[in-house]
Each structure stands twice: as C-alpha cells, then as structure tokens.
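Residues per chain are reported as follows:
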Amino acid sequence: MIFASQIFLFGFLPLFLATYYLAPVRARSVLILLASYAFYGWWRVDYLALVFAISVVSYGAGHVAATTANEATRKWAVRIGVALILAALGYFKYAVFVMGIASDLRETLGGAGYAFDAIILPIGISFLSFQAISYIVDVSRRDAPPARTLIDYLAFVSLFPQLIAGPVLRYKDLADQFVERTHSLQKFAMGVRRFVEGLAMKLLIADTVAPLADRAFALSDPSMAEAWLGVAAYSIQLLFDFAGYSSMAIGLGLMIGFTFMENFDAPYTSTSITEFWRRWHISLSAWLRDYLYVPLGGNRHGALATYRNLMLTMVLGGLWHGANVTFVLWGAWHGLLLAAERLAGVRVGQTLLPRPFAWLTTMIAVMIGWVLFRAETLQVALTMYRGMFGLGELGLSSQYLYATQSIELWALFIGGVIATMGRAMRTDISWPALRFGTTVVLMTASTMVLSARLHSPFLYFQF
Amino acid sequence: MQRDIYSTALPWVFASALAIPALYGLSTTEGPAPDLSVLSGAYQRAYEDRFADTLPLNDVARGAMNALTLAAFGQTGPDVVIGDDQWLFTAEEFRPATNAVPLTETLQTVQETLANQGITLIPVIVPDKARVYADKLPRERGAQLETRFDTARDTLSELGFPAIDLNSALTEARGAEDTFLRTDTHWSPFGADQAAQVIAQDAGLAGLGNLEFEVAITPDQPFRADLMPFVETGPFARWAGIAEETINLSTTTTVAQPSAGLFGDVEVGIVLVGTSFSARTEFDFAGALSRATGLDVVNLSVEGQGPFAPMTDALTTGAIQDLAPQFVVWEIPERYL
Numbered sequence: 000m001i002f003a004s005q006i007f008l009f010g011f012l013p014l015f016l017a018t019y020y021l022a023p024v025r026a027r028s029v030l031i032l033l034a035s036y037a038f039y040g041w042w043r044v045d046y047l048a049l050v051f052a053i054s055v056v057s058y059g060a061g062h063v064a065a066t067t068a069n070e071a072t073r074k075w076a077v078r079i080g081v082a083l084i085l086a087a088l089g090y091f092k093y094a095v096f097v098m099g100i101a102s103d104l105r106e107t108l109g110g111a112g113y114a115f116d117a118i119i120l121p122i123g124i125s126f127l128s129f130q131a132i133s134y135i136v137d138v139s140r141r142d143a144p145p146a147r148t149l150i151d152y153l154a155f156v157s158l159f160p161q162l163i164a165g166p167v168l169r170y171k172d173l174a175d176q177f178v179e180r181t182h183s184l185q186k187f188a189m190g191v192r193r194f195v196e197g198l199a200m201k202l203l204i205a206d207t208v209a210p211l212a213d214r215a216f217a218l219s220d221p222s223m224a225e226a227w228l229g230v231a232a233y234s235i236q237l238l239f240d241f242a243g244y245s246s247m248a249i250g251l252g253l254m255i256g257f258t259f260m261e262n263f264d265a266p267y268t269s270t271s272i273t274e275f276w277r278r279w280h281i282s283l284s285a286w287l288r289d290y291l292y293v294p295l296g297g298n299r300h301g302a303l304a305t306y307r308n309l310m311l312t313m314v315l316g317g318l319w320h321g322a323n324v325t326f327v328l329w330g331a332w333h334g335l336l337l338a339a340e341r342l343a344g345v346r347v348g349q350t351l352l353p354r355p356f357a358w359l360t361t362m363i364a365v366m367i368g369w370v371l372f373r374a375e376t377l378q379v380a381l382t383m384y385r386g387m388f389g390l391g392e393l394g395l396s397s398q399y400l401y402a403t404q405s406i407e408l409w410a411l412f413i414g415g416v417i418a419t420m421g422r423a424m425r426t427d428i429s430w431p432a433l434r435f436g437t438t439v440v441l442m443t444a445s446t447m448v449l450s451a452r453l454h455s456p457f458l459y460f461q462f
Numbered sequence: 000m001q002r003d004i005y006s007t008a009l010p011w012v013f014a015s016a017l018a019i020p021a022l023y024g025l026s027t028t029e030g031p032a033p034d035l036s037v038l039s040g041a042y043q044r045a046y047e048d049r050f051a052d053t054l055p056l057n058d059v060a061r062g063a064m065n066a067l068t069l070a071a072f073g074q075t076g077p078d079v080v081i082g083d084d085q086w087l088f089t090a091e092e093f094r095p096a097t098n099a100v101p102l103t104e105t106l107q108t109v110q111e112t113l114a115n116q117g118i119t120l121i122p123v124i125v126p127d128k129a130r131v132y133a134d135k136l137p138r139e140r141g142a143q144l145e146t147r148f149d150t151a152r153d154t155l156s157e158l159g160f161p162a163i164d165l166n167s168a169l170t171e172a173r174g175a176e177d178t179f180l181r182t183d184t185h186w187s188p189f190g191a192d193q194a195a196q197v198i199a200q201d202a203g204l205a206g207l208g209n210l211e212f213e214v215a216i217t218p219d220q221p222f223r224a225d226l227m228p229f230v231e232t233g234p235f236a237r238w239a240g241i242a243e244e245t246i247n248l249s250t251t252t253t254v255a256q257p258s259a260g261l262f263g264d265v266e267v268g269i270v271l272v273g274t275s276f277s278a279r280t281e282f283d284f285a286g287a288l289s290r291a292t293g294l295d296v297v298n299l300s301v302e303g304q305g306p307f308a309p310m311t312d313a314l315t316t317g318a319i320q321d322l323a324p325q326f327v328v329w330e331i332p333e334r335y336l
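Each protein sequence line maps, in turn, to chains B and Y. Mapping of the first sequence onto numbering that gives the first Met the number 0: residues 0 to 462, in sequence order. Mapping of the second sequence onto numbering that gives the first Met the number 0: residues 0 to 336, in sequence order.
I should point out that these hints are in silico values taken from the structure, not numbers from a laboratory. It cannot be assumed that every hint is accurate.
[What the hints assert, rightly or not] Stretch by stretch, here's where chain Y covers chain B in the computed footprint (C-beta under 8 Å, at least three residues):
hint, region
1, 1-9
2, 41-55
3, 233-240
[Stated by the list, open to error] Some residues of chain Y that are not near chain B, with every Cβ distance over 12 Å (derived):
hint, residue
4, Ala8
5, Leu22
6, Ala51
7, Gly73
8, Gly141
9, Glu145
10, Met227
11, Val267
Every residue, glycine too, gets a C-beta built ideally from N, C-alpha and C.
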C-alpha cells in the first residue's frame with residue numbers, strides 16, 4: 000500500500016487510527032504489528048513470510064548475542080544472523096543481476112547464455128535488511144538493549160510508516176518509545192502537518208515535474224537545454240518524492256506517539272559533496288558510516304585506506320539502491336568526489352571556493368550523478384551526458400515544447416525555490432492561523448490532485 | 000509543541016476529512032470476485048480499484064484540475080494540444096509515431112497480395128489536423144513532422160500509386176467550411192466529403208459506377224468529440240471549459256435500382272480499410288466515397304487500431320478476397336507513419 004493512494008488515506012489510515020486510539024495501551028504494539036502486516040500484505044501476502052523470517056532471524060541472533068557470555072558464540076551469532084539477512088537480500092535483489100553478468104560473460108567466451116527466471120523484488124527489502132542488521136550489531140555491541148518482547152521487535156521491524164521506504168530506523172532509537180510514548184492533540188497536530196506537507200511535496204511537486212524528466216530521458220538525442228531541464232526536473236522530483244515520503248513517515252509516527260529521526264535537511268543548499276551527504280538521506284548515510292565505513296577502518300589507517308574505504312562505502316551504497324551498473328557508477332562518482340574533497344581539505348561548513356561557486360559546482364556534481372541514478376541503462380546516461388555537454392542541439396525542440404505543460408515548469412520553479420531556501424522546506428510558520436490554513440489548503444489540494452490522477456508510486460519503493 | 004486552538008482543531012479536521020470518505024467508500028464498495036488471489040495481491044488490487052471508483056470525489060477533482068489548469072495556464076493536459084480559438088489537437092500529432100511500420104515494404108506487400116486477386120490498391124494518406132490547421136498553432140512542429148506528409152506522398156508516387164494530395168484539398172476547402180472538427184481529431188462530414196471527391200478524381204474513380212445514392216442531412220446536433228473527455232471541467236464548465244460543438248450528420252443510402260431484383264447480385268466496387276476517419280459513421284466517409292464514385296463501398300475500417308492492423312486482419316481472414324472488389328481504398332492517417 001502506498002501513502003499517496005485513496006485506499007490508504009480513506010481506508011487504512013482512518014481505520015487504523017480509530018482502532019489505535021480505542022485500544023488499551025498494552026495492546027497497541029500488537030495492533031501496530033497487525034496493521035503493519037496488513038499494510039505490507041496489501042501488496043502481496045506471501046512475501047510477509049520474508050518480512051517475518053528476517054525479523055525472527057535478527058531477533059534470534061540479537062538475543063543470542065546479547066545473552067551469551069561466550070565471545071565466540073556472540074561473534075558467530077552476529078555472523079550467521081547478518082549472513083542470512085544478506086543472503087536473502089542478495090537472492091531477491093542481486094541474483095538476476097549476477098546471473099545476467101555471468102550469462103553475458105559466458106556468451107562472450109563463446110558459450111551459451113544461462114536461462115533464469117525473473118525474481119520478484121520484495122518492496123522495502125533493502126530498508127528492512129539494514130534495520131535488521133543494525134539491530135543485531137547494536138545489540139551485540141551492547142550499544143542497544145535487546146528487544147523487550149518479540150512482539151515489540153516484530154512491530155518495530157514492520158512499523159508501517161517506515162516499512163517500505165525508510166527512514167532507516169535503529170531499534171536503539173525507538174526501544175524506549177515502544178515501552179512508553181506520549182500522545183497528545185498537539186503531537187498529533189504536528190504529525191498531521193508533517194504528513195500533509197509530505198503528501199503535498201509528493202503530489203504537487205514531485206509528480207508534477209516528473210513528466211519533464213521522463214520526456215528528457217526518453218529522447219534519443221536530447222539537446223543541451225532538454226538534457227539540463229530533464230536532469231533539473233529529476234533532481235527536484237527525487238528530492239520531493241523521497242523527502243515527501245520521509246515527512247509522511249515522520250508525521251504518521253507522530254500521530255501514534257513516535258518520534259523518528261529527520262531524513263533530509265535541505266540537501267540542495269550544500270556547498271560540498273561532503274555536506275550533501277550530511278543532509279541527504281541522513282539515516283542511510285549514518286547507517287553506511289556506522290556499519291560499513293567504520294568497520295572497514297574508516298579514517299584510522301592512513302590517507303590511502305581512507306580513500307579506499309570512502310570509495311567502497313559509496314559503491315556499496317550505490318549498489319544498495321539497485322542491481323544495476325548505473326548505481327555502482329553513481330556510488331563511485333560520489334566516492335570519488337568525497338575522496339577528492341577530503342584530499343583538498345574540504346570540511347562541512349568550509350569551502351575552498353566562494354560560497355555561490357561552491358554551491359553551484361556541488362549542485363552540478365550532484366546533477367551529473369543523478370543522471371546515472373535515473374537512467375535505466377548506461378547507454379541512456381551517456382545519451383543524456385552528450386546532450387548536457389553540448390554535443391547535440393542547444394535549444395528546446397518543438398516536440399519537447401509542445402509536450403511540456405506550463406504547470407510542470409511552475410512546479411519545477413516552486414520546487415527549486417523551496418529546495419534552495421533550505422529549512423523553509425519544513426513548515427515552520429509561527430502564526431497558528433496561517434499554519435492551520437496552510438495545512439488545510441495543502442491537504443485539500445493534494446486530495447484533489449490525488450483523486451484527479453491515477454495512483455502514483457514512490458520512487459524509493461524500487462530500492 | 001504549540002498549544003493553541005488551531006493545533007487542537009487540526010486533528011479533528013483531519014480525522015473528519017478522512018473519516019467521511021472512508022465511511023462512504025468502505026460501506027459502498029463491493030468486494031471483487033472471491034476467486035482472486037489474496038496471496039499474490041490480485042484481490043487487493045481489484046478492491047482498491049473498486050474503492051477508488053466508488054468515491055464521488057474523483058470526477059469533481061478531475062473537473063476542478065482541468066478547469067484550474069485551463070484557466071490559469073491555458074493548458075489541456077498531456078493528451079491534447081490547444082490552439083487558437085479553442086481548437087484542440089491530439090498530442091499524437093506532435094510526436095513521432097511509436098512502433099511505426101516501414102511504409103514502403105508494407106505497401107508493396109499489400110499491393111502484391113491484392114494484385115494477385117486482381118484488386119487495385121489505392122492508399123490515401125490523411126494529413127494531420129495540425130497540418131491542415133497549422134495556423135491555429137503557436138509554432139511549427141519540427142522538421143521531422145513537418146515533412147512527414149510529403150515524404151509519405153513521395154513514397155506512394157515512387158511505388159506507382161496515385162499521389163493524392165488531401166492536404167491541399169482539405170486546406171483549400173476550409174474557405175467554404177471547416178474540414179476538420181474543432182474539438183475532435185477527425186475531419187468534419189464536409190471534410191470527409193471533400194476528401195472522397197478528391198480521391199475519386201485523382202484515382203480515376205469519379206463516376207466509374209452507375210449507382211445512385213441519397214443523402215439525408217440532420218440539423219445541427221450536439222457532438223461528443225473524442226478530445227473532449229480529456230479537457231472536461233464538469234461542474235466548473237461555467238467558469239472554465241471548452242465549448243462543445245455541433246455537427247450535421249449525413250447518412251447515405253442507395254437508391255433502389257429498378258433493374259435489380261431483391262436478391263440480385265451486388266458487385267462490390269470498393270472495400271474501404273482504415274481507421275476511425277472511415278469507421279465512425281458521424282463523418283459518413285464511406286457514403287461520400289460511394290457518392291463520388293457511383294460504386295458500392297463495403298467498409299472494413301476499425302476504430303482504435305491504427306491503419307495497419309485492420310488491413311492485416313482483412314487480408315488474413317480473407318474478408319477482402321471474399322468480397323472481390325475492384326478497388327481497395329486504404330486510409331492511412333499520417334500520424335501513424
């Protein structure tokens with residue numbers, strides 16, 4: 000089920016909220032668990048078995064690691080738990096990719112290619128796996144207490160506001176909230192505001208600019224203007240789609256008393272790639288830092304090892320987004336930029352260039368990366384790069400102009416202004432009446448747009 | 000955390016906004032067929048579709064969105080291009096055809112198949128409305144589209160077909176009456192009649208037969224144009240919307256031949272194969288072709304399948320061979336090329 004759908008807004012959510020607030024406090028974890036399984040099972044009930052299996056494996060591994068006095072047993076519990084989860088992730092997400100490469104290689108060497116069936120990618124498996132791994136590791140490090148009950152843990156893993164597209168939550172941040180959390184009208188109102196804000200980001204901006212990007216990436220020979228307009232549109236689409244989802248998740252959490260971490264902090268105001276990764280998909284960056292970069296050695300073993308670790312972390316982070324060489328290259332691009340900035344001595348908040356130039360070069364670097372992120376194939380990405388670097392026509396073609404709707408350009412402009420105005424992306428309006436009115440207007444407009452269009456899936460569901 | 004009347008009211012406003020449609024939708028949505036799989040999500044998809052269809056908000060929302068974008072931005076969505084004086088064009092005329100077939104090879108194959116049966120093929124390229132009414136558009140459509148019609152006609156000439164120029168005919172005839180409908184993709188009944196006359200003239204079919212026909216023309220009546228559903232503003236039409244148009248419907252019938260008995264042999268002069276330009280009865284293109292040629296016309300055109308699939312079907316099923324006409328007129332809109 001997706002948030003931006005009528006069945007969620009006018010079916011699941013009111014039913015869940017009514018039941019939640021009527022249920023006794025002690026039954027709420029069970030209710031969250033059942034509702035979350037219903038939420039996931041709305042897509043496919045059979046794949047709930049996978050969610051359950053990953054949850055049970057990580058709970059079991061964490062339990063053994065937390066309770067054993069034997070260091071070797073603790074290590075093996077962690078290894079086996081993490082390996083099983085990675086094996087599931089590898090099978091569902093990367094098996095076809097690897098088989099495809101093996102098949103191509105065999106054909107290149109003169110043999111026959113392998114035949115293999117497609118594997119359905121369970122939605123949200125990447126987020127689910129990372130949360131489960133973080134639980135095992137945190138518990139084994141004594142960095143987090145083991146889950147109080149299996150129900151609490153199952154409810155945490157499947158917590159529907161963040162189940163499908165994050166933020167990547169850690170049990171240690173929510174453990175106390177499963178024991179006790181506060182509910183109030185004010186907290187609920189804040190949740191409504193965050194949810195509506197996210198819904199509007201998704202429906203009014205992201206989905207409106209999406210056709211600009213889709214058209215540009217579908218062109219066989221985009222001009223310079225078309226390529227840059229398409230990439231700019233995709234940059235805004237991706238931010239408002241994903242940050243919108245995160246905002247909705249945070250809002251839904253607040254409605255039922257949870258406080259989740261922020262996942263975006265005005266990333267398009269960054270003046271370096273180093274700063275960008277402090278502001279973009281914060282929960283993933285933090286996960287990669289704590290469970291990949293630091294265990295690899297981080298910056299503790301000299302400059303060369305640090306660059307290698309940065310590159311490895313970003314390449315694996317790219318691969319986490321999808322089984323495609325484009326994601327690997329996207330990760331490598333960011334790894335290269337991070338390493339280069341580190342070599343040049345760039346730190347968060349410090350720039351080598353004057354700030355406007357530093358911002359501009361950072362945004363261009365990010366947009367160059369987004370081409371790889373958006374393109375279905377490397378060929379499509381190269382076609383876009385040819386256009387962006389002026390190797391084709393320069394202006395907008397008549398065909399592109401006829402297809403472009405004014406409202407798409409307005410949404411791009413408004414999205415661009417909001418994205419580059421930094422924290423104004425969040426509704427911090429101090430006048431209560433205006434805050435209330437803004438929320439009601441955004442809710443009405445989003446509902447109208449949702450009803451007028453067919454359902455629109457979130458980009459990050461594919462990861 | 001703010002404590003004010005608005006923060007207290009917001010949860011109740013939000014809950015009401017969700018609860019009212021929820022109560023209506025959940026109580027009125029009928030469950031889909033129970034044999035759909037819940038495990039694979041098929042049942043859930045079907046229920047979700049039904050639930051969305053049940054909510055009365057959808058039509059109002061669509062109308063409001065169309066009205067807003069039309070009034071504020073003068074735009075008509077991705078499927079329709081709007082020109083001056085509320086002239087609407089299908090967006091398909093503004094982009095290259097998807098899955099275009101190789102015209103030369105296709106024409107040669109059909110021509111050979113028909114020639115073996117002693118049937119003469121007469122392919123006719125119907126120009127885009129955006130070509131005939133280019134003056135209603137803000138700019139040209141790009142070189143590839145601008146040259147498409149002439150390129151196709153050149154191909155026809157090279158293959159030895161009569162190079163019928165419906166573009167000039169329909170453009171010049173605009174002086175008398177509109178040859179295309181303002182809010183529809185297709186030609187008007189007048190345009191269809193003009194096209195039929197030019198085809199008969201240029202292909203040497205004019206007056207070839209001796210059948211007589213009668214035409215009945217209705218007074219102006221409302222017309223449900225094919226582009227209007229994309230721009231309908233529903234209850235907001237009073238403030239923003241495209242004016243509907245009217246049409247004079249013509250119906251062509253054969254005048255009974257005194258010499259022919261009730262069950263006398265009827266020779267089919269022409270089989271007409273094509274798209275909605277020919278298939279839709281409102282335009283009476285088949286009737287116009289009968290009147291212009293004096294020949295009986297059997298219409299095998301089909302709506303919504305483009306020009307190539309109906310021809311393939313007519314040949315593979317033997318429909319054309321069974322009718323054994325003298326001529327096959329193949330109407331091909333240029334947006335499929």
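Cross-check of the supplied hints:
| no. | hint | verdict |
| --- | --- | --- |
| 1 | 1-9 | holds (count 5) |
| 2 | 41-55 | holds (count 5) |
| 3 | 233-240 | violated (count 0) |
| 4 | Ala8 | violated (7 Å) |
| 5 | Leu22 | violated (8 Å) |
| 6 | Ala51 | violated (5 Å) |
| 7 | Gly73 | violated (7 Å) |
| 8 | Gly141 | violated (4 Å) |
| 9 | Glu145 | violated (9 Å) |
| 10 | Met227 | holds (17 Å) |
| 11 | Val267 | holds (42 Å) |
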